[in-house]
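Novice: What follows is each chain in one-letter form.
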Amino acid sequence: MAVLRKKITTRIRVLRTIVVGIVVAYAVNLFSLQILRREVFVSEAERISMQSIRIRAPRGEIYDRTGQTLLAGNRDAYSVQITPSEIPPAQRDEVLEKLSNLLGIPKEDLARKMPAGTAGGYGKITLASNTTFQVIATIASRVEEFPGVSWTVRPLRVYGDVGSLAGILGYVGTITRDEYKLLYNKGYASDDITGKTGVELTYEEYLKGKDGWIAKAVDVKGRDIKSIEQKMTPAEPGRKLVLSIDLAIQKAAEVALGKRTGSVVVLKPSTGEILAMVSYPWYDPNLFLSDNAGTEYMKLLQDPQNPLLNRAYQSSYPPASTFKTVLTAALLEEKPISPDRTVYCAGELDYGGRTWSCHIKRPGHGPVNLPEALAQSCDIYYWTVGRDFLGIENIVSYTRDFGYGKATGIDLPSENAGLVPTPSWKERTFNEPWTPGDTMNLSIGQGYMLATPLQVANMMAMIVNDGVLYKPHVVKEIRDPQTGSLVREITPEVLHKSSISRTTFATLRSYLRGVIVHGTARVPVNTKAVQVAGKTGTAEVGLKNRWHSWFASYGPYDARPEDQIVVVTMIEASNPWEWWAPYSANVIYQSIFSGQDPRTAAATVGVKLEGSGLAGRRE
Amino acid sequence: MKLASIRRLFGNIDYFLLFTSLVLAAIGVAAIYSSGVDAEGNLVSKEYLKQIFWIASGIAIMLAAALFDFSRFKDSSWLFYVLAIVLLILTRLFGRVVNGAKSWLGIGSLGIQPAEFAKIATVLALARYLDAAEFATSFRKLVTSAVIAGIPVLLILSQPDFGSALVFFPAVLMMLTIADVDVRYILFGVFGVLGIFVFLSLPLSASSADNPESILRIFASDQRLAILLFIVVALVALAASAGWIIYKKRFYFWISYVFALVAFSMAGAFIAQKVLKPYQLARLLVFIDPQIDPRGSGWNILQSITAIGSGGLTGKGFLRGTHSHARFIPQQSTDFIFSIIAEEFGFVGVAAVLGLFLLYFMRCIVLIETLKDRYASYVTAGLLGIFVFHFMINVGMAMGIMPVTGIPLFFISYGGSSMWIAMASTGILMGISARRYAT
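Those sequence lines, one after another, are chains A and B.
When we follow numbering that gives the first Met the number 0, the leftmost residue of the first sequence carries the number 0, and every step to the right adds one.
When we follow numbering that gives the first Met the number 0, the leftmost residue of the second sequence carries the number 0, and every step to the right adds one.
Please keep in mind that the hints were generated in silico from the structure rather than gathered at the bench.
Since the structure is predicted, the reported quantities are computational estimates derived from the model, not experimental observations.
Treat the hints with care, since some could be wrong.
Which stretches of chain B does chain A cover? Using the computed rule of at least three CB atoms under 8 Å from a CB of chain A, they are [unchecked claim]:
| # | region |
| --- | --- |
| 1 | 241-255 |
| 2 | 264-272 |
| 3 | 339-348 |
Counterexamples of contact, computed for chain A against chain B with all Cβ distances above 10 Å [claimed, not checked]:
| # | residue |
| --- | --- |
| 4 | N28 |
| 5 | Q33 |
| 6 | V41 |
| 7 | I135 |
| 8 | F429 |
Built from N, CA and C at the ideal position, the CB exists for glycine as well.
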C-alpha cells in the first residue's frame, strides 16, 4: 500500500502540474491578446464596427480674370443605392420595377447589378451614379415604397459654357491605377477624381480640397447604432483659382480664329500673364462627366484634328518669317554688316546646286537694306546675311537667347519645347554634316526649326520688355474659397534676361512697326484703334498652295511695356489658304482697343470672318 | 438525518468550493446581463433573470447533493447510471432537436439535457466499479471502464453531440490515473483523442495543401483507400497482440500499441465524420485556421478573439463592450460568454476568473490527496476531469485555440442544465469534503 500511495502521489503531482499549466498557459495567451497585441484588436474592432463615410470635398472653383465669372464649379450628383438585405424578397421585383421606371434603366440591368448571391447582403450596391435631384425627391417622398433604397450625394465637376477655354482648364476624371499608386500617400482614394490635363492637372494640389469623414458605429447587420455619437470631420473645399484669362479677349480671339485649325496667344509682356489662348478645334470638358465618357473620349482620341491638343503650346511648327525677327536682332547687335547695306534681291538665288526663290519670285525686291528686308520679308537678304555674315553659331546663340528650343515653363502640362537645330544636333540625329544650305533654311525659320506659338509670343514679349522674358502663366491668383483671402499670387517670374542692348531692341521695334506701316502686313492689319508692330510668317510644309500662316505682333507700339499686349496668331496649313493669321490678329486688336465685340470689330476693319477669299501666297 | 449530523456538516462546509462557485455564478449573471443589452443600451433579453433562477435552484440541488452521502450508498451509483442510459435512449427516440442535435428531453418549453446528467452518473458508476476492482489488472480496468463510459458516449454521439461525448474522455482518464492504471493505457486514451482530431483534420489540411501530389490527399479523395489502410493497420495491431500474448515479448506489445492507437484514431475519426453534420465538423476544425472561412465557421472565432483582444488590461467597462453589444459574437451568453467578460473587464477580469477556476481545481486536487475513501477520490477525480475539460475547451475556444464544440463554461455560461450539473457536482464534492475525516 505504501508503494501504491507513493505512485498515486506522484501522479497527483503530475496532474496538478498539468492543471496549473493549462491555466497559466491560458493566462499567458490572454496576456498576449489583451496586453501585448491589444492595439491590433482595438483597431480591428473599430474597423469592423465603425463605418466611415467620406464627405467628398468639392473641387476648387475656377474663375476668369475678374474673379466674377465661374468657369468650372461643382454640382451635386446623386447616386441611388440599394441594400439587398433590406428588401423583403416578395417585394424585390416590384421595387426593381419601380426603380427601373424612375431611373430609366432597364430592369434586367438593375437586376444584373444585384446578383443572386447578394440577396441577403448588407453592403450597398450602387444602381445609378448620376441621377437628378427630381429622382431622389420622388424616392424620398415615397420612401416606404422603396425599402432598402438609399441615395448619396457627391459634388461633381461641371464646366460652364467655356468654349475654347477647355484647352486651358483641362478636364477631370476618375483616378487611374498608376496615378493612384503615385498619389496614395497624399490621401487619395481609389475612386477619387483627379485633374487630367490643363489647369485641373497643374493646380491639382490646390483644387483637390480635403475630404471630410463621418464615422459612425454599426452593428453586425450594418445598422446604425444611434447611441454612439457620430464623429464628423467636415470637408474642406478646394482652393479657388482666378485665371489671368480675359474673357472678352478670349472671345475675340475665338471669333477671329473661327473654325480654322490653329491657335491664338494673347499675353501681357510685362507680367507673363496669358490673356487669351485659343486652340481650334476644342472639346467640351463636360463630356468627360457624362455616363458614356469612355466612348466620347475614344472619339476625341481618334479625331484626326486632335481636339485634345492645345496647339498654342503643345504643337510646334516652323516659325518661318517671324523668325527673321531673331536674325534682325542678331544683325543689329553683332553688326557684321551695316543695317543700311543693301543686298540685291533678284527673286532667285543659286546656291548649292539648286535655285532658292524669294517668295515674290522674279524680278524680286531689288536692292534691300535690313529694315526693308524685314518689312518685305525678303528671303534673299536673310539667306545671304545668315550664311555669309552671321554664321550658324551666332544664329543659334540668338535663337536660344529668345527662348526657343526650351519649354517656357507655362503652368500647363505637357508643353512642347520646339527645336533649335545645330550642327551637332544634325550630326547626332541624321549623321550628316551641317551645310550652309541648312544655315540658309534656318535664317528664314524653315528647315528643322520648330517653335510653338507661345514661344513666338514670348519672343515678341522680350522685344517689348527690352530683353526681359517672364514665365507665362494662366493662373493669376489662388484664393481661399470661404474667406476669399489671397492664398498665393502668381507674381511675374523672370525667365531670362537677354544681354542684347536696349538700342538694338528699340531699333528692332521700329523695324517691326515698319512691317505694318509699309511692309507685308500693311493691307491685312489696318486697324485704326491701335498702332501695331509685328511680323508675318508663311511656312512651307510641302503642301501645294497651302502654308502655315503666322502673325506675331504687339501693340500699342511705343506705349509703356505695361500697357502693351502681344498677339500671336497661327493658322495651320491644313486649312484652305487665306493668309488668315494677320487678318485674325487685326480683328483681335480692333476688338480689344476699340472695345467692340469681335463681329463689329471685324466689320469695322473690313474683315469677312467667314474667309478672306484670298488665293496665292503672301508673306 | 439527525440534527447533529447536519450541524456537523455545516461546520465542515468546504468554503473554497462554495465561495468560488458562487462568485463565478455571480460573474456569470453580470456577463449574461451584459450580453442581453443591445448596442443602443436596451435590455433585450431576460436570460439573466432565468439564470438567477437556475442558480437559486442549483444551490438547492447543491445542498441536497451535499447532504446525500454517496460513499455510504455507493451501490446507488448503478441506479443513477441505468437511469441516465434510459434517459439517453428516450432522448434518442423522442428528443427535441436543438442546434442540430437531438439532445433535449422534456415537455413543452421545459426540458433537460440528459447528456449532462449522464456525465455525473457515469462518473459515479465508474468510481463504484474502480473501487470494487482494486486488484484487477490495469488492462481489465481499462476495458471495463471503456465499456461503462462507452455506452453513454455512443448514445450521445448519435444525437449527435460530439462535444458532450468528448467530455467523458478526460473524466475517465483522470479516474484511471487515480485508480493507478498503467500510464501506457492512460496515454493511449490521450493520444487516441488527439489522433481522432488529427485524422479528422487530414482531409481539411489535404485539400488546402499546396502540393496536389500530397499523400494526405488519399484521405480526402478516396474513402475506400482510407478504409483499406484502416483494415491493414487494425490487422497489424491484432497480429502484434497475438504475438505478444503468445511470445510475451515487449516488442510485440509496442507494435500492437502503436497500431491499435492509429486504428482507434482512424475509427473514431471515421465515426465522427459519419455522425457529425458538415457544419459541426467545420466548427470543430476551424480553430486550426479561422481564416480558411472568415465569414462562415471562422467568423465566431475571429470576432471572439477581436473582442477579447480589444478589452486590454482593464476592459471597456461593464455594459460598454462595443463588439459584444453590436452582436458580432453569436451565442454570446452561452458558448462565447468568456469573450464578453474579457472585453468588458479586460485582463484583470479574466485573470480573476482564471484564478477562481484554478482555486476550485486546486481544491479538488487537495481533496483527492487527502481522501481516504477510494470511491470518493475517484468521484472527485472524475468531476475534476469534467470541470477542467469544460474550462479548457470553452475558454480555449473563445481564444481561438480549441475547437468550437458548444461546451459551456461551468457556473458562468447561461443555461439550466449546465448550471445544475455544476452545482450538483459542487454539492457532491462538498459532501465528500465534509465527510472526509469521518469514518
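Novice: In ascending order, which of the hints set out earlier in this document are inconsistent with the structure?
Specialist: 1, 2, 4, 5, 6
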